[in-house]
Amino acid sequence: MKLTCDEATSICDKSQYKEASFWEIIKLNIHLFLCKKCGLYSKQNSIMTKCYEKHKKNEINNLDCLCDEEKQTMNKELKTKI
Amino acid sequence: MSTKKHILNPNNWVNLHADYLFNYTISRVNNHDLAKDLVQDTFFAGLKAMDNFQGKASERTWLIAILKRKIIDYYRKINSVKGKAEVKMNFYSDGEREGEWIEERVPNSWGNEIEKNIENSELSTALEKCIDSLPEKYAIVFKMKTIQQFETEEICKELDITASNLWVIIHRARTQLRKCMEDNWFNN
Chain H
1 MKLTCDEATS
11 ICDKSQYKEA
21 SFWEIIKLNI
31 HLFLCKKCGL
41 YSKQNSIMTK
51 CYEKHKKNEI
61 NNLDCLCDEE
71 KQTMNKELKT
81 KI
Chain V
1 MSTKKHILNP
11 NNWVNLHADY
21 LFNYTISRVN
31 NHDLAKDLVQ
41 DTFFAGLKAM
51 DNFQGKASER
61 TWLIAILKRK
71 IIDYYRKINS
81 VKGKAEVKMN
91 FYSDGEREGE
101 WIEERVPNSW
111 GNEIEKNIEN
121 SELSTALEKC
131 IDSLPEKYAI
141 VFKMKTIQQF
151 ETEEICKELD
161 ITASNLWVII
171 HRARTQLRKC
181 MEDNWFNN
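Note that the protein sequences, when read in sequence, are chains H and V. Under UniProt numbering, think of the first position of the first sequence as 1, with each following residue one higher. Under UniProt numbering, think of the first position of the second sequence as 1, with each following residue one higher.
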């Protein structure tokens with residue numbers, strides 16, 4: 001039943017994607033109840049997830065794409081080989 | 001199902017497929033120039049392999065199949081080369097204290113302005129820097145899972161890793177990112 005901090009924080013990370021199992025969550029909660037360091041990690045982990053969400057939205061708004069110039073170069077290089 | 005036989009026309013490849021192939025690649029390799037090179041290589045490889053095209057698949061499907069192999073080759077390469085970036089250990093890996101936090105990596109409190117910090121428009125830039133400090137494979141797996149939100153199974157299939165590998169990578173990436181953001185953002 002007893003987890004190390006490494007194992008507990010692993011489950012904590014997995015749970016951010018809602019992929020930790022029921023038993024893992026129970027074991028994690030027991031550990032978090034007893035361990036302040038991992039408790040803080042868990043709290044900050046949810047904040048980090050929010051940051052990643054923000055970052056994701058930002059990435060969607062600034063979609064990386066090929067510019068026309070790059071495509072022209074690509075086309076030129078391809079045509080030399082046709 | 002159409003019985004129409006598809007044909008290849010390399011003169012139109014860039015026009016018709018470059019954007020599509022690029023979008024496919026950029027969500028999997030995390031680097032603009034590299035993605036561009038992989039697309040260009042795919043076109044070259046397509047030219048060479050034109051004689052093998054049987055017309056069963058559409059031109060795009062056929063090109064994507066080539067591109068997928070190029071991406072897999074690239075993953076193999078970063079797997080075998082030791083990256084310059086390293087993942088810092090957060091926990092003792094052996095001895096009596098195995099699995100416990102290493103002192104200087106123990107989380108610190110982040111002060112009171114967390115919400116404001118999250119709303120700050122420069123957050124993304126700081127985070128991007130931290131992600132770039134990860135070994136490439138870690139950055140790719142982390143981004144595919146967290147930013148692109150691929151299914152675990154799909155990432156494992158594409159990168160040829162097991163689910164437990166994936167979670168170890170995610171765990172190490174997230175603990176390193178937490179520390180990096182603590183040092184450079186939350187407690188700056």
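Don't read these hints as lab results, they were simulated from the structure. Note that this is a predicted model, so its numbers are computed, not measured. Incorrect hints may have been included.
[What the hints assert, rightly or not] Over the 12 Å line for every Cβ pair with chain V, so calculated as not near, a few chain H residues:
(1) Phe22
(2) Trp23
(3) Asn29
(4) Ile30
(5) Ile60
(6) Leu63
(7) Cys65
(8) Leu78
[As the list claims (entries may be wrong)] Below are the DSSO-like pairs computed for lysine-lysine, each with C-alpha atoms no more than 27 Å apart in a straight line:
(9) Lys18/H x Lys157/V
(10) Lys4/V x Lys56/H
(11) Lys36/H x Lys88/V
(12) Lys81/H x Lys179/V
(13) Lys56/V x Lys129/V
(14) Lys129/V x Lys50/H
(15) Lys48/V x Lys50/H
(16) Lys36/H x Lys116/V
(17) Lys36/H x Lys157/V
(18) Lys57/H x Lys137/V
(19) Lys79/H x Lys88/V
(20) Lys54/H x Lys129/V
(21) Lys70/V x Lys18/H
(22) Lys88/V x Lys54/H
(23) Lys37/H x Lys4/V
(24) Lys88/V x Lys2/H
(25) Lys76/H x Lys70/V
(26) Lys71/H x Lys179/V
(27) Lys71/H x Lys157/V
(28) Lys56/H x Lys137/V
(29) Lys48/V x Lys81/H
(30) Lys157/V x Lys56/H
(31) Lys27/H x Lys129/V
(32) Lys57/H x Lys179/V
(33) Lys68/V x Lys76/H
Here a beta-carbon is modelled for each residue, glycine too, at the ideal position from N, C-alpha and C.
Now the hints, each set against the structure:
For Phe22/H, the non-interface assignment is confirmed: its Cβ lies about 17 Å from the closest Cβ of chain V, beyond the 12 Å cut-off. Non-interface status of Trp23/H relative to chain V is upheld: no Cβ of that chain comes within 12 Å, the nearest being about 15 Å off. Non-interface call for Asn29/H relative to chain V: holds, since the shortest CB-CB distance, roughly 18 Å, exceeds 12 Å. Every CB of chain V is more than 12 Å from the CB of Ile30/H (nearest about 15 Å), matching its label as outside the interface.
Under the 12 Å C-beta cut-off, the non-interface status given to Ile60/H relative to chain V is violated; the minimum distance is some 9 Å. At roughly 8 Å, the least C-beta separation between Leu63/H and chain V is not larger than 12 Å, which violates its mark as non-interface. For Cys65/H, the shortest C-beta to C-beta distance to chain V comes to about 7 Å, within the 12 Å cut-off, and the non-interface label is violated. Non-interface call for Leu78/H relative to chain V: violated, since the shortest CB-CB distance, roughly 5 Å, does not exceed 12 Å.
Proximity of Lys18/H to Lys157/V is assessed by CA-CA distance (about 20 Å); at most 27 Å being required, the pair is judged to hold. Restraint check for Lys4/V and Lys56/H: not satisfied, since their Cα atoms lie roughly 41 Å apart, outside the 27 Å limit. Our distance criterion of 27 Å between C-alpha atoms is met by Lys36/H and Lys88/V, whose separation comes to about 22 Å. For the hint pairing Lys81/H with Lys179/V, the CA-to-CA distance comes to about 49 Å; that exceeds 27 Å, so the pair is violated.
With a C-alpha separation of about 44 Å, the suggested pair Lys56/V and Lys129/V falls outside the 27 Å cut-off, and the hint is violated. Between Lys129/V and Lys50/H the CA atoms are separated by roughly 17 Å; this keeps the pair inside 27 Å, and the hint holds. Distance hint between Lys48/V and Lys50/H is unfulfilled; the C-alpha atoms sit about 47 Å from each other, more than 27 Å. Annotation: proposed proximity of Lys36/H to Lys116/V holds, straight-line Cα distance about 25 Å (limit 27 Å).
Between Lys36/H and Lys157/V the CA atoms are separated by roughly 37 Å; this puts the pair beyond 27 Å, and the hint is violated. Distance check on the hinted pair: Lys57/H and Lys137/V sit about 23 Å apart at the alpha-carbon level, within 27 Å; holds. Restraint check for Lys79/H and Lys88/V: not satisfied, since their Cα atoms lie roughly 47 Å apart, outside the 27 Å limit. Using a Cα cut-off of 27 Å, the hinted pair Lys54/H and Lys129/V holds, with the two alpha carbons roughly 15 Å apart.
The straight-line distance between the Cα atoms of Lys70/V and Lys18/H is roughly 32 Å, outside the 27 Å bound, and the hint therefore fails. Only pairs whose Cα atoms come within 27 Å are accepted, and Lys88/V paired with Lys54/H is accepted, the gap being roughly 25 Å. The straight-line distance between the Cα atoms of Lys37/H and Lys4/V is roughly 64 Å, outside the 27 Å bound, and the hint therefore fails. Taking the CA atoms of Lys88/V and Lys2/H, the gap is near 25 Å; set against the 27 Å cutoff, the hint holds.
Between the alpha carbons of Lys76/H and Lys70/V the distance comes to roughly 21 Å, so the proposed pair stays at or under 27 Å and holds. Proposed proximity of Lys71/H and Lys179/V is contradicted: the alpha carbons are some 40 Å apart, above 27 Å. Distance hint between Lys71/H and Lys157/V is unfulfilled; the C-alpha atoms sit about 30 Å from each other, more than 27 Å. For the given pair, Lys56/H sits about 19 Å from Lys137/V by alpha-carbon distance, which is consistent with the 27 Å threshold.
At roughly 9 Å between alpha-carbon atoms, Lys48/V and Lys81/H fall within 27 Å of each other, so this suggested pair holds. This hinted pair checks out: Lys157/V and Lys56/H have alpha carbons roughly 23 Å apart, not beyond 27 Å. Between Lys27/H and Lys129/V the alpha-carbon distance is near 34 Å, which puts this suggested pair outside the 27 Å criterion. Only pairs whose Cα atoms come within 27 Å are accepted, and Lys57/H paired with Lys179/V is accepted, the gap being roughly 22 Å.
With a CA separation close to 23 Å, the supplied pair Lys68/V and Lys76/H stays within the 27 Å bound.
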